[in-house]
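**Q** Here the structure of chain A is known, so what remains is to put chain B in place on it, guided by the hints.
Protein chains in written order, with the numbering used here: chain A, 1 to 125; chain B, 1001 to 1144.
What the hints contain is simulated information worked out from the structure, not anything from laboratory work. Check the hints yourself; a few may be wrong.
Now the in silico label distances, taken between C-beta atoms and shown as ranges [stated by the list, open to error]:
(1) A:LEU40 x B:ARG1107: 36 to 46 angstroms
(2) A:LEU39 x B:ILE1045: 31 to 41 angstroms
(3) A:LEU34 x B:SER1128: 16 to 26 angstroms
(4) B:SER1103 x A:ASN35: 45 to 55 angstroms
(5) A:ILE91 x B:PRO1053: 38 to 48 angstroms
(6) B:GLN1048 x A:ALA107: 42 to 52 angstroms
(7) B:TYR1098 x A:VAL5: 31 to 41 angstroms
(8) A:LEU40 x B:SER1105: 39 to 49 angstroms
(9) A:THR3 x B:SER1128: 31 to 41 angstroms
Which chain A residues face chain B? A few, computed with CB under 8 angstroms, are given here [said to hold, decoys possible]:
(10) THR22
(11) LYS26
(12) GLU30
(13) LEU34
(14) ALA46
(15) PHE86
(16) ILE88
(17) GLU99
(18) ILE104
(19) ALA107
(20) ILE109
(21) LEU111
(22) GLY115
(23) ILE119
Derived pair list, reagent style DSS-like, types lysine-lysine, alpha-carbon separation capped at 30 angstroms [as the list claims (entries may be wrong)]:
(24) A:LYS23 x B:LYS1002
(25) A:LYS23 x A:LYS98
(26) B:LYS1002 x A:LYS50
(27) A:LYS50 x A:LYS26
(28) A:LYS26 x B:LYS1002
(29) B:LYS1002 x A:LYS98
Don't be surprised by glycine CBs; every beta carbon is placed ideally from N, CA and C.
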Amino acid sequence: MITAVLIGLVVLGGSAGDVCITKGMKQIGEISTLNLRVLLRTFGRAIANKYVLIGLFFMAVSYFSFLGALRLADLSLVLPATSISFVITTIAARLFLKETISAIRWAGIVLVCIGVALISLPSQP
Amino acid sequence: MKTAVVLITAIVAQALGDVCLTKGMKAIVALEAADAGSVAAVWHIALQAIQSPMVWIGTLLLIVFFVLFSAALSWADLSFVLPATAFGYVLNVAAGNYFLGESVSSRRWVGAAIITLGVLFVSRSGQSTVDRPGEQLPAPGVLE
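One chain only, chain B, in its complex shape:
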């Protein structure tokens, strides 16, 4: 239960963070295309980015994601947590479609469905397979 709450919060924060970052970065006015990649153009974009509230909110949400992801790794397997967070790709496709009006091809919806199936499989496999010697088992029903 704890794992589910932490990972779902992490994934939602990541998806919202990506949407905010995209909104913020898309609002930036680029210099002439011919100058793209020049030091001046990169500086110009960076200056606008750090003044954009959307970019700040997005970055903050991604930090929240990373902290929760690391917290989950303090008790669950990496080979459980990492594929579980791949559900974020599915949310990203849905959020891109809903909040940013991005068109989503049928192949991407199929990809999202396959990821969902994969995450369901992984979630059936138990969250921790590593013995942690010296650690007391929590009383049943306290946290799980």
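Bound conformation, chain A alone:
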């Protein structure tokens, strides 16, 4: 039960983190320079952005839940279970970032999810 809660936190924390960082980076605006001074200034603005900071916090929650889950369950359970985060993050991107997910993009994301689960399942069943 605690394992399930922790895996849920890994997935939801990761998705929330990705969504917040995307929101923050979209506020920063498209990076389209190779000028080092401008890049450094953009970096400074990014790490001071409210959404980027909240996103980093969520990622830390996700990471420590992952470590916690690994203490209770095998990596071979935890890793495939977190592959669902590709689908959850996509739903969150649609809801909160108003991204349009075309049929071909959905198909690709579901394939990625299946592939990641296959790769991370234990080698010796």
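**A** Just chain B now, kept in the frame of chain A:
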């Protein structure tokens, strides 16, 4: 084009970072198995980890990955960038096999092939679907 360069660099940095971290962490001498998980054992491992150049290089490469990933999110969709970086799993399987001599089961190669197909699909879907009002379109051919 910009997106492709940034994401491919990010993915390669991530795969190399994971290889370096694995090499570094595997070189660490653990205490007795019976002590695994004790504060002393964790401390012992952490002390060795922060002295390992491989662990430092690996961590640095993962930071490079994260910065490039975030940079791509400043112009491309999350639902594009995230599945695109899943190609890193494929590189990880290949790199684990090549650099670390890990054996790779046929099921994992199938998984890698399915991810590759999925990333190809996603890459056909256009990188940005969100209107950014007030932003000027770049002149054609300048950056894309």
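**Q** Are the hints correct? Go through all of them and say.
**A** Cross-check of the supplied hints:
Range check, LEU40 (chain A) to ARG1107 (chain B): about 45 angstroms between beta-carbon atoms, so the 36 to 46 angstroms window is met. Our hint of 31 to 41 angstroms for LEU39 (chain A) and ILE1045 (chain B) holds, since their Cβ atoms are close to 36 angstroms apart. A hinted range of 16 to 26 angstroms for the beta carbons of LEU34 (chain A) and SER1128 (chain B) is consistent with their spacing of about 21 angstroms. The given range of 45 to 55 angstroms is respected by SER1103 (chain B) and ASN35 (chain A), whose C-beta atoms sit roughly 46 angstroms from each other.
For the pair ILE91 (chain A) and PRO1053 (chain B), the supplied restraint of 38 to 48 angstroms holds, since their beta-carbon distance comes to about 41 angstroms. One distance hint, 42 to 52 angstroms for the beta-carbon pair GLN1048 (chain B) and ALA107 (chain A), holds here, with the actual separation near 45 angstroms. Distance hint for TYR1098 (chain B) and VAL5 (chain A): a CB-CB separation of about 38 angstroms, consistent with the stated range 31 to 41 angstroms. The hinted window of 39 to 49 angstroms between LEU40 (chain A) and SER1105 (chain B) holds, with their beta carbons roughly 45 angstroms apart.
Taken as a hint, the range 31 to 41 angstroms holds for the pair THR3 (chain A) and SER1128 (chain B), whose Cβ atoms sit roughly 38 angstroms apart. For THR22 (chain A), the shortest C-beta to C-beta distance to chain B is roughly 4 angstroms, which falls under 8 angstroms, so the interface hint holds. Taking 8 angstroms as the C-beta contact cut-off toward chain B, the hint placing LYS26 (chain A) at the interface holds, the least distance being around 7 angstroms. The interface hint given for GLU30 (chain A) holds, since its Cβ lies 4 angstroms from the closest Cβ of chain B, which is under the 8 angstroms cut-off.
Contact between LEU34 (chain A) and chain B, as hinted, is not supported at the beta carbon level, the nearest pair being about 10 angstroms apart and thus beyond 8 angstroms. For ALA46 (chain A), the shortest C-beta to C-beta distance to chain B is roughly 7 angstroms, which falls under 8 angstroms, so the interface hint holds. For PHE86 (chain A), the shortest C-beta to C-beta distance to chain B is roughly 6 angstroms, which falls under 8 angstroms, so the interface hint holds. The criterion of a C-beta within 8 angstroms of any C-beta in chain B is not met by ILE88 (chain A), whose closest approach is roughly 11 angstroms, and the hint is violated.
Satisfaction of the interface hint for GLU99 (chain A) is found here, the shortest Cβ-Cβ separation to chain B being roughly 5 angstroms, below the 8 angstroms cut-off. About 5 angstroms separates the beta-carbon of ILE104 (chain A) from the nearest beta-carbon of chain B, less than 8 angstroms, and the hint is met. Nearest Cβ of chain B to the Cβ of ALA107 (chain A): about 5 angstroms, under the 8 angstroms cut. The hint holds. Interface hint status for ILE109 (chain A): upheld, as the beta-carbon distance to the closest one in chain B is roughly 5 angstroms, under 8 angstroms.
The criterion of a C-beta within 8 angstroms of any C-beta in chain B is met by LEU111 (chain A), whose closest approach is roughly 3 angstroms, and the hint holds. Given hint, GLY115 (chain A) at the interface with chain B, holds; its Cβ is 3 angstroms from that chain's nearest Cβ, closer than 8 angstroms. The interface hint given for ILE119 (chain A) is met, as the beta carbon of that residue sits about 4 angstroms from the closest beta carbon of chain B, less than 8 angstroms. For the hint linking LYS23 (chain A) to LYS1002 (chain B), the alpha-carbon distance of about 20 angstroms falls within 30 angstroms, and the restraint holds.
Distance restraint check for LYS23 (chain A) and LYS98 (chain A): the Cα-Cα separation of roughly 11 angstroms lies within the 30 angstroms cut-off, and the hinted pair is therefore satisfied. A threshold of 30 angstroms between alpha carbons decides the hint, and for LYS1002 (chain B) with LYS50 (chain A) the separation of about 26 angstroms falls inside it, so the pair holds. The hinted pair formed by LYS50 (chain A) and LYS26 (chain A) meets the criterion: a straight-line CA distance of about 12 angstroms does not exceed 30 angstroms. For the hint pairing LYS26 (chain A) with LYS1002 (chain B), the CA-to-CA distance comes to about 16 angstroms; that is within 30 angstroms, so the pair holds.
For the suggested pair LYS1002 (chain B) and LYS98 (chain A), the alpha carbons sit about 23 angstroms apart, so the restraint of at most 30 angstroms is met.
Checked against the numbered hints listed earlier, the structure breaks hints 13, 16; every other hint is satisfied.
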